[in-house]
Amino acid sequence: MPANNLKENFKADKQVIRGSGLIGSMDSGVPTLVDVKDGKIIRIRPLYYEMNYDKKDFNTWKIEARGKTLEPPMKGLVGPVGLTYKKRVYSKNRVRYPLKRADWNPNGERNTQNRGKSGYVRISWDEAADIVASELKRVGKKYGPEAVLSQADMHGETKHLSPSHGCANRLLSLLGGYTIQMRNLDSWEGQNWGAKHVWGCEPVGEMMPAANLYPDIAEHGELLLFWGCDPETTPHPIQGMMSSRLCYWLTELGLKSVYICPDLNYGAAVHADKWIPVLPNTDAALHLAIAYLWITESTYDKEYIASHSYGFEKFEDYVLGKEDGIPKTPAWASEKCGVQEWTIKALARDWAKKVTSLIHGNGGPAIRGPYSSEPARLEAMLLGMQGLGRPGVHQAKMIEWWIWREYYPLPYQGVVNPSIPNFSEQVRPAGSMNQAEMVPLYMGKHPELLKLTELMPNPPKQSIPKCLIHDAILNPPVSWWGLYGFLEPDKEQFKKHTYPAEGCSEIHMIWTDSPCWITCWNDSNSYIKALQSEKIECIVAQHPWMENDCLMADIVLPVATRFEMLDIGADIGSGVLTSVFLEDHCIDPVGESLSDFDAVVKIAEKLGLKEEYTGGKTHEEKQEMSFEGSGVEKLISFKNLKKNKYFVIPCDSGIKDVPPGLRTFFEDPKNNPLTTPTGLLEYSSSALKEHFPDDKERPPVAGWIEKSESHDERLSSKRTEKYPLICMSNHPRWRMHAQGDDIIWTREIPTMKIKGQDGYLYEPVWLNTAEAEARGIKHGDIVKIYNERGTVLGGAYVTERLVPKTAYMDHGARWDPIIPGELDRGGAINTITPHNITSKNATGMVVSGFLVEVEKVTDEEMASWRKDYPEAFNRNYDPVTGVSLSGWLTDEKEGN
Amino acid sequence: MNKVFIFDISKCCGCYNCQLACKDEHVENDWTPYAKPQPEAGQFWIKIQENVCGTIPKVKMHYIPMLCNHCENAVCMEACPEKAITRREDGLILIEPDKCKGANGCKACITACPYNAVYFNESLGLAQKCTGCAHLLDNGNKLPRCVEVCPTDAITFGEKEKLKEQIKDTVVLQPDSGCSPNVYYKNIPGKFIAGTVYDPVEKEVIIGAKCILYSKGKSVETFTDSYGDFWFNDLEAGTYDVTIQAQGFAKKNFTGLNTAKDINLGDIPLEK
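Taken in order, these protein sequences are the chains called R and B.
Numbering-wise, the first sequence is residues 84 to 979 according to our numbering.
Numbering-wise, the second sequence is residues 903 to 1174 according to our numbering.
In silico negatives: residues of chain B with every beta carbon more than 12 Å from chain R:
hint, residue
1, Val977
2, Thr1013
3, Lys1070
4, Pro1077
5, Lys1118
6, Lys1153
7, Glu1173
Here are the in silico distance ranges between beta carbons for each label pair:
hint, chain 1, residue 1, chain 2, residue 2, range
8, B, Thr1124, R, Asn723, 53 to 61 Å
9, R, Gln98, B, Gly1092, 41 to 49 Å
10, B, Val1073, R, Tyr136, 35 to 43 Å
DSSO-like, lysine-lysine: derived pairs with alpha carbons at most 27 Å apart:
hint, chain 1, residue 1, chain 2, residue 2
11, B, Lys913, R, Lys145
12, B, Lys949, R, Lys861
13, R, Lys861, B, Lys962
If you are wondering where the hints come from, they were derived from the structure by calculation, not from laboratory data.
Beta carbons are placed, not taken as given, at the ideal position from N, Cα and C, and that holds for glycine.
The whole structure should be built from the sequences, with the hints applied where relevant.
Encoded structure:
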């Protein structure tokens, strides 16, 4: 059919490169090729590495094992969120111009109680900058600089020259200081607060070092226990799809994959040889029963325990019931965890018999449940009982292959680890260790660059854990242990901190660039109530999309996405190859949006601090400096990089000689000690014994905590009379936490949203067939999931993929309040997650493994809500995108 | 020189990249004369079908991507009153938007297609479907978008003649449609019968129990694994009997098992 001369019509005007990762800093993710025509993105495709280079330049890695070879493909393995990002850039939910909450008047009534209810009006950039600048001055003068809280942590788009997070911190520093929200270690809570006290493994308590784990597993492993790990879900929005290929290959080699998780997760659905459904957050019981069998059947490595461990006899006493009179038998565990006694025994014996590694992916029992420290410690201890560090015996991850690591578990790293700096202020309270000290490899080396990115004056004198912000506002003073800085050595966990800090004011203004507290953190209904407090006089949010915490802000600044600015990126996490790429001009900013950095410049200008803030450099100059300081300048000139747009860093062949995992500790623990106080694997923690000898929630010997002063979330609880299901909340299948809930094309996928009979796309609530039947719930029904903390609506997803006595809802769905702080329609399950921290001395959050009930929403109930809260139901609703910007404008015409 | 698609279901991880890339290529992009823009939502020129098989805990999943089969005997072509549906030299079948417009939304092709692969674009008044990304193939690209974004290389696209070997062990959907599709599938799993065998007195799984599957006078044997599990996979729909025997235990029989659905026999106690 095609006539001649068609070619021009089909040719893009230009092709640029963009990373697709959404972790928020450092790793740009899988590089993609973006075609632009007439100033619009027309398509996003994988980058073909051989486009401008010859494959032999890459010195490509390979793993050879059992007669088979794994090699990287010659294209970027972009995942579903990266691939559909065009819909995120052009979303109907973009903040297209500065907004002010309609009934907030900085010179009159502030109506803080209406946050979450009020609509917004369009204002000019000039007015927005004036208001923010004068509020900063007013609040600083009245209360002191620490009255301004900066919420600037993670999980926006990865951007370097204008980072998603922390641009405001630079300005607040110049203004004399601020209070910083310290992110609790949401990806590694249990490991940080628990496993560290078994094996050290700084900085976050996951097994370290991680060099060459997969080559070693491929050669020696027999059994892989994917314990709460979903290799098909959690990695893809960060690092793409290499974990899929790796899982298929390990199966092809003959390794058996056993998935232990409450749900047949998306990895188990296609990779599992065996699925063992376990009740949420009961894994510690299963761990203890396995230890019981190994001890009573003498199927653990006694020699290793004798030479590599400390305090094992105390653990043995606990397991056998000599301490509390309760032997931790399979029958005992079966009642707690829901796994049949015979299956527990089979698992314990299979593990003891086969060369076994545990596979993780920032999910599961060790992360986000009540007392997550316990399963995390027990898992490390079980690995120890089978000779941790010997060939094929490791804890390995399917995600974050690069993070904190000198050497990666897959041998894809290059001869240089590219380090591209962030032009924002690091999150580091005064006197804390900063990230550069903990992980120096991330810092750029260019002298001028070092000057520009060096720490600003006036680091914050006051820090509040993110998981305690609501308490800090509603019930000060608040005290907690550790978590003063983001990454801290274990000894810091024994320091107590208090808010308000000495000489500092309470907070009265908030500036957030991480506006997803509501849909990602603990008991956010309580947080919503805190933000409605009169104490908080002004909230400023900067974000590309009108979602979640933005809906509580008084001023919303429109921010450009990574496609609308100049940047430089590095893929260090995809596991395919490492590369550096110039992210040159792609499209103009949508609406009046500005990059995060330039948005803050607008305010700095009003305060007379523009020159100090910017350092007098343009983004073009910073792009070049960043490259010149990255380490990669030794391999290619900036001029050639400009020409070729990307550069693949040749793989380092020497990596294969680095000992895998904890091999040197395995071979010679005396000369290669762990960082624990004894240098050994601690089955009874000497540090916890010293500092918290009487802690029943995190005792010196790890164990099973049925209930305690912090939590009462087990099936044995009296609360089950009203809330008989344990709610599990995972990393979302089709989002990166809160990112991407408005992508139309993923919203059409049956596990992303469920269309209710009212046409609203609800977040799925999974129920086992039997539980649904018992409640008269059918697939697709509108349901409410609730407990004492509030109610969330969802769409029933009735399935055999979930264990009974459980409900499951992903986190990160956009908050769409009917009654802010009580009732949500959008599916923000975190509004009803537990209030209290991991345990009283462990400052982590609990957002999974808590009691709820699920019921069908009757027509009468829905009708009464519609009648009582018409403003919530009358918000403009786009049938495919959901509630978006126009739904929150008081004069809807302004949205057009 | 027909172009064909081959989907290896055993390598499909369910990421939906193919379905999503198709939308990235065709929504809001006008590739006339190959195709007008696909609507913002609601059309799936390639669509993933999710299959959840069995009951807890014996549950498995597979995903089957479905699209226009670019059939040898394309009934849509015959059905079109405007002769708007044409086959290219490379076998790809296109609906020419301008000619289709002349049919005034008759939807005859939509009714005729046994694969439900043709959609109606209400706002444009056009029938639309997979073009095999012919506009890209004609302009220097080797692969349709769905193929290039597959992270596990589960999709092969190319000329039928050159892919003979790969096509050998494949099936087509609805082979009785008479359409002779050019989209092939391999490793679509059949039905399963599975269970876990255990000793209710000792509360132990029974490893190595002999499990025999009988159907139409034939039998297949397997043994329970280290979790006491047995799996009879890739069964045709039909009626089966299963016998389980282990030394020291009474034999257990299951009869008349109908594999219209996958069967989980659950945790099976063997009496002494």
